[in-house]
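Enquirer: Protein chains in written order, with our numbering: chain G, 75 to 221; chain R, 75 to 221; chain Z, 75 to 221; chain W, 75 to 221; chain S, 75 to 221; chain F, 75 to 221; chain P, 75 to 221; chain B, 75 to 221; chain H, 75 to 221; chain U, 75 to 221.
None of these hints come from the bench; they were simulated from the model.
Among the hints, erroneous ones may be present.
Claimed, not checked - Partial selection, computed: residues in chain Z whose CB lies under 7 angstroms from chain S:
hint, residue
1, ILE89
2, GLU107
3, THR156
4, PRO158
To be verified - Derived lysine-lysine pairs resembling DSBU-like cross-links, with alpha carbons at most 30 angstroms apart:
hint, chain 1, residue 1, chain 2, residue 2
5, U, LYS219, R, LYS193
6, W, LYS92, R, LYS129
7, B, LYS91, P, LYS219
Said to hold, decoys possible - Pulled a few chain H residues facing chain G out of the computed Cβ check, cut under 8 angstroms:
hint, residue
8, ALA87
9, ILE89
10, ARG90
11, GLU121
12, THR156
Just so we're clear, the structure is a prediction, and the values are computed from it rather than from any experiment.
Note that CB positions come from ideal geometry on N, CA and C, so glycine has one too.
These are the residues of each chain, in order.
Number of protein chains: 10
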Amino acid sequence: MTREEVTALILTARIRKKLSWAKLAETVGHSKEWSTAALLGQMTLTEAQASAIGKLLDLPGDAVAQLQVVPYKGSLPTAVPTDPLIYRFYELISVYGTTFKELIHEEFGDGIMSAIDFKMDLQREPNEAGDRVRITMSGKFLPYKTY
Amino acid sequence: MTREEVTALILTARIRKKLSWAKLAETVGHSKEWSTAALLGQMTLTEAQASAIGKLLDLPGDAVAQLQVVPYKGSLPTAVPTDPLIYRFYELISVYGTTFKELIHEEFGDGIMSAIDFKMDLQREPNEAGDRVRITMSGKFLPYKTY
Amino acid sequence: MTREEVTALILTARIRKKLSWAKLAETVGHSKEWSTAALLGQMTLTEAQASAIGKLLDLPGDAVAQLQVVPYKGSLPTAVPTDPLIYRFYELISVYGTTFKELIHEEFGDGIMSAIDFKMDLQREPNEAGDRVRITMSGKFLPYKTY
Amino acid sequence: MTREEVTALILTARIRKKLSWAKLAETVGHSKEWSTAALLGQMTLTEAQASAIGKLLDLPGDAVAQLQVVPYKGSLPTAVPTDPLIYRFYELISVYGTTFKELIHEEFGDGIMSAIDFKMDLQREPNEAGDRVRITMSGKFLPYKTY
Amino acid sequence: MTREEVTALILTARIRKKLSWAKLAETVGHSKEWSTAALLGQMTLTEAQASAIGKLLDLPGDAVAQLQVVPYKGSLPTAVPTDPLIYRFYELISVYGTTFKELIHEEFGDGIMSAIDFKMDLQREPNEAGDRVRITMSGKFLPYKTY
Amino acid sequence: MTREEVTALILTARIRKKLSWAKLAETVGHSKEWSTAALLGQMTLTEAQASAIGKLLDLPGDAVAQLQVVPYKGSLPTAVPTDPLIYRFYELISVYGTTFKELIHEEFGDGIMSAIDFKMDLQREPNEAGDRVRITMSGKFLPYKTY
Amino acid sequence: MTREEVTALILTARIRKKLSWAKLAETVGHSKEWSTAALLGQMTLTEAQASAIGKLLDLPGDAVAQLQVVPYKGSLPTAVPTDPLIYRFYELISVYGTTFKELIHEEFGDGIMSAIDFKMDLQREPNEAGDRVRITMSGKFLPYKTY
Amino acid sequence: MTREEVTALILTARIRKKLSWAKLAETVGHSKEWSTAALLGQMTLTEAQASAIGKLLDLPGDAVAQLQVVPYKGSLPTAVPTDPLIYRFYELISVYGTTFKELIHEEFGDGIMSAIDFKMDLQREPNEAGDRVRITMSGKFLPYKTY
Amino acid sequence: MTREEVTALILTARIRKKLSWAKLAETVGHSKEWSTAALLGQMTLTEAQASAIGKLLDLPGDAVAQLQVVPYKGSLPTAVPTDPLIYRFYELISVYGTTFKELIHEEFGDGIMSAIDFKMDLQREPNEAGDRVRITMSGKFLPYKTY
Amino acid sequence: MTREEVTALILTARIRKKLSWAKLAETVGHSKEWSTAALLGQMTLTEAQASAIGKLLDLPGDAVAQLQVVPYKGSLPTAVPTDPLIYRFYELISVYGTTFKELIHEEFGDGIMSAIDFKMDLQREPNEAGDRVRITMSGKFLPYKTY
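Starting from the given sequences, assemble the full structure and let the hints guide the process.
Expert: Take a look at the structure:
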């Protein structure tokens, strides 16, 4: 049983049992952002977390084992995503990528924002002209070392 | 003179004159995020903004005209970026793309976060374990219409 | 059961039962354009719509559940379509893409035509020299925000 | 002088002389849709049309000659467009491509909508919730021949 | 049962029953060129044709139904074909593509040769220095319309 | 001076001097199909042919030399052509590629149609329903050798 | 049963029965180079050869039939091979491709080395500094025809 | 001056001075195969060799210097070559790649044929049915090391 | 049973039996680096090694046979890896590739570092600022031969 | 003046002045690995370092300025490198990528080896069977954070 098959099992079980991602995150014990990524096959669960989720969703033992393995990450089927919601994020990089680069270098010097020591928060932002999606990302700045 | 050549001129002039992007944004009259994107060839300036920047950076008349034309957007030379700073954002989409999708749909239903009615704020977040890059994005949620 | 498998089930059942897309759209309760896209795996049905279609086409319970999930959109197997009918639309963008861009910007300024707040109508246009396909698209103009 | 260089000349001259595409179309003597496509390097002008445009925009003789040559068509630098406005049209094909196919075949049988015997009209559609872009395409249906 | 699976069934049955494509074309009632394309999943059969082929090759009912559906066309697994016989045709376009373009435009003006209102004939051409493959293609010229 | 630059020179000179490809072929002394391909950078001219063309089109000495060099063949800028006329030929291979393969193997056994020992003829075919392009290709059949 | 499945069957049976390619070639009755290519799905066997191999490897009847069909050739999963042994041959073309071209044209004029009327011999070449692989290729030169 | 520009200079000078590759190889002092590869930008010349070639072809000093630099190797503009002569070698790998692999492993075990400790000889092979190109490659076998 | 299926079996059995790669390497009798690569489908085991691993992990006989076959190497699903850990190595080549090249050529002249006569050692390097990964690679230098 | 042009200037000046990378590194004041990467356009110099290099190599003022700008990193022209030396490193990732992943996760848990907080040392390793290239990489391990 591959991790992709475990992800498919989780998606189906969640629909059948009418559970929200927020509810699953409670069982995992972390934020809804991290927990959803983990259950979609991008992060590694501890034995306790995997068992709890397995019980909640009636997963077979093999699936519970796979959830504890470090997965081969990457959740999208093509280099340029076709799904409109996900594409908009790709478009932001295409349009703002060099802007991110210039402003981060102006503030911090040469280096990167970590995508590993990283956390994210996704909220609904009420607004009269139509509610907005607010995403806050926070990643450690890592300077290039000279040696 | 193409827009790419105007962007190159701006980058060179900014170095020569030792001006920060924040300073250029003041002349444009918008946030540093929007203004940097505009000067890197992704947004359209008004005649007044273009003239002000032209004067500040000693740009030729053709360049000032080009800054008022709606550009063919897209700031990166390859579909998968090679620059490490920009790649980390691409990696976030690769890893978290399906997470963005599930959580936004759970909160809002089927639709997207606009990349057009969109704003962004980039800040240094002081932290003992090493300062962090904090990026806050806010985009209008646009629901799919049925008809 | 993946959404692709549900789409395949619908295509087969529709042939077996000799139902037109227009007839299926009646059951869904929306236009034939939106309904066909939904049944081909690109839109999300409500519980009532999914049940009605499930009954009409004898779909299993899992399939009815999947029709209510927001799908990963994108209906084509390759970036450049090989099917001649679909390729002609791709060719129109290849040939007329910059024309769309210039004329929309001339009329509206910098921004886009929404592909989300969007509707479409497809009709046969009788013509002595051979009938024509008439497609009318209407999408909300979304201006780029400055901030 | 290549056709791409002629297109660049036209774009620059149009900005310098503050002429709209509608005005240039008047000089060409066809619709704004066809004329813009032609001046962006996708269609072939007659000698009279090329001379009129050349006079209006002060183009050199070589450019006027090039406008009369059948161009190698295709106006975009990449197979998947990066410009957000043009991408939205590509997204429509990605999402609705199989819908176009099913509905046209249901109405007409096996065949295609011509992208050659084709015309298009682009209009602003006033709307209280925000004006809309209305595009009407009309292409001859061409049935596959058996033999 | 997908159309690809029907094509595979036909290929296997044809071998088992030692039938030539010419013989199958007789049953279809069209030329061997059109009939072979249809049976390889590129054209649509009528109910009568599909039934006749189904009887001849002992196809199941689902396969007979699928033969009457307009297929998603495109018979090759990669954009650049790897099979040497098919590659030679691709090479002809790579080498002679601009020649086709110049000579057709010289004779007919701007437009295309239809690949829909099209027929083809493939013959053995006896020759002392080694027999030759002779392919005659005939497609309607479609001029670009101005409007 | 590269061969591409020589091709560009020939295209420009031909327009300026209002010469048809048929006329240039007369000077070369071969069919219009072979001669056009040669002048578009796909074949090699003899010293006599190159000099004659050089004189007719006022080409510089370097260009005349380059016409005698065996060129790196391939006349198209992308693997999948964007020009509609040339794309139609690519589409024919995409749709009919496996048909070519089956019918040639049925007639000749395993092998290919040569694209080197090959000739081609392109004619206007008058037709009441609209004139047609007729292309006749003739290539030597080359059987796979066993050893 | 596809040809790929037949190839997989042959590979497995060969291991189980501990037969060398040289031994299988003896049964086929041709060189080890041609026979291995054929059994790996790139060439067509006669009925007698297919039956002999089928008996030797206990292949089912369908597999024996498939071995007599002209296969869709091309034995590698990606355009640039990832296997180091096969990549080295690709690298030789990348580095020496233009050298092959210049030296063959210098010796023979414009044309190609046939990959169809072609034979190959692969030998171990003893050498004190380490044995070497010696590959001798011999392909008929095919000159470009003028017409 | 880049190495590509030096290669172009050499190609042009060789034509102008009517020198064969064999003659240039004599000046370099190695085989025609190695020398041609070097002059086409794939190998590194010694100072003496570079000076001799520079004198023979009247190259500027910068070009003579560049010939002594280890070049970034790879002589082809696309991953799949479009030139028919070079493509045939690519086709041989596509068709015979797995055959090379099986036969070399059968003879030598796991490892590769070196493309570095490698030599090649290209000869005309007279033949009544048409002369043939004979290429003999010899590369050291390098076994995978265990550790 | 393909080698990919054997790799999947090994991965699953290792989890179920809670065995480390170091432990598996002990059974193989080589370093943990080589052994892990072999068990992930990149190297060839001897009969004794394959049997020992088969016994330890309860693999079926077919799997034990497959482990002794030279595999088609290449362990990643895409040309640019999506997994962040593996991508970092790709990024090192993207950023440092030309540095590797210049420094190796400065030290050794024209040639390569072998990836076949190669060994590697991967260690944890304790460090107060956070432990580090230390990888030492050692590959034989292979000079380009002249001939 | 772009950074690529500065890199070209440095490469040419280094040859003309016969300076080793080790010598240039002395002027920069860092290791030869970091300094070479920086001078090849991948790292950012301080004002003092840029001036020192500018004086040593007679670079114009614009080039000295550009060396202080954070560059768009990525030193290779294609996603899969064609140069044999650099390709071998890509091959190591293709073959050993999943091995790196498993062994690092076994030692450290889920996370990556930093390519930013990273240093490298490249040495000649004398060896009777032929000298070897020894590369030692050391990168900080960064664990995935839960939140």
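Enquirer: Is the interface hint satisfied for THR156 of chain Z? The criterion is a beta-carbon contact with chain S at less than 7 angstroms.
Expert: 3 angstroms, holds
Enquirer: Restraint: ILE89 of chain Z near chain S, CB-CB cut 7 angstroms. Satisfied or not?
Expert: 5 angstroms, holds
Enquirer: Tell me if the interface restraint on GLU107 of chain Z is satisfied: Cβ within less than 7 angstroms of some Cβ in chain S.
Expert: Since the shortest Cβ distance to chain S is 18 angstroms, the answer is violated.
Enquirer: Would the stated hint for ALA87 of chain H survive a check requiring a Cβ distance to chain G of less than 8 angstroms?
Expert: With a closest approach of 11 angstroms, the ALA87 of chain H hint is violated.
Enquirer: Between the alpha carbons of LYS91 of chain B and LYS219 of chain P, is the straight-line distance 30 angstroms or under?
Expert: Holds - the C-alpha atoms of LYS219 of chain P and LYS91 of chain B are around 28 angstroms apart, at most 30 angstroms.
Enquirer: Let's test the interface hint: is any C-beta of chain G closer than 8 angstroms to that of THR156 of chain H?
Expert: 3 angstroms, holds
Enquirer: Does GLU121 of chain H pass the interface check with chain G, least Cβ-Cβ distance below 8 angstroms?
Expert: 29 angstroms, violated
Enquirer: Double-check PRO158 of chain Z for me: the hint is only fine if its C-beta lies closer than 7 angstroms to a C-beta in chain S.
Expert: Since chain S brings a Cβ to about 6 angstroms from PRO158 of chain Z, closer than 7 angstroms, the hint holds.
Enquirer: Does the closest beta carbon of chain G sit nearer than 8 angstroms to the beta carbon of ARG90 of chain H?
Expert: Because about 7 angstroms separates ARG90 of chain H from the closest Cβ in chain G, which is inside the 8 angstroms limit, the hint holds.
Enquirer: With chain G as the partner, please determine if ILE89 of chain H meets the hint condition of a C-beta pair closer than 8 angstroms.
Expert: Hint holds; ILE89 of chain H Cβ to chain G Cβ min 5 angstroms, cut 8 angstroms.
Enquirer: Given the hinted pair LYS92 of chain W and LYS129 of chain R, is their alpha-carbon gap at most 30 angstroms?
Expert: 21 angstroms, holds
Enquirer: Check whether the Cα positions of LYS219 of chain U and LYS193 of chain R lie no farther apart than 30 angstroms.
Expert: 27 angstroms, holds
Of the numbered hints listed earlier, those contradicted by the structure are 2, 8 and 11.
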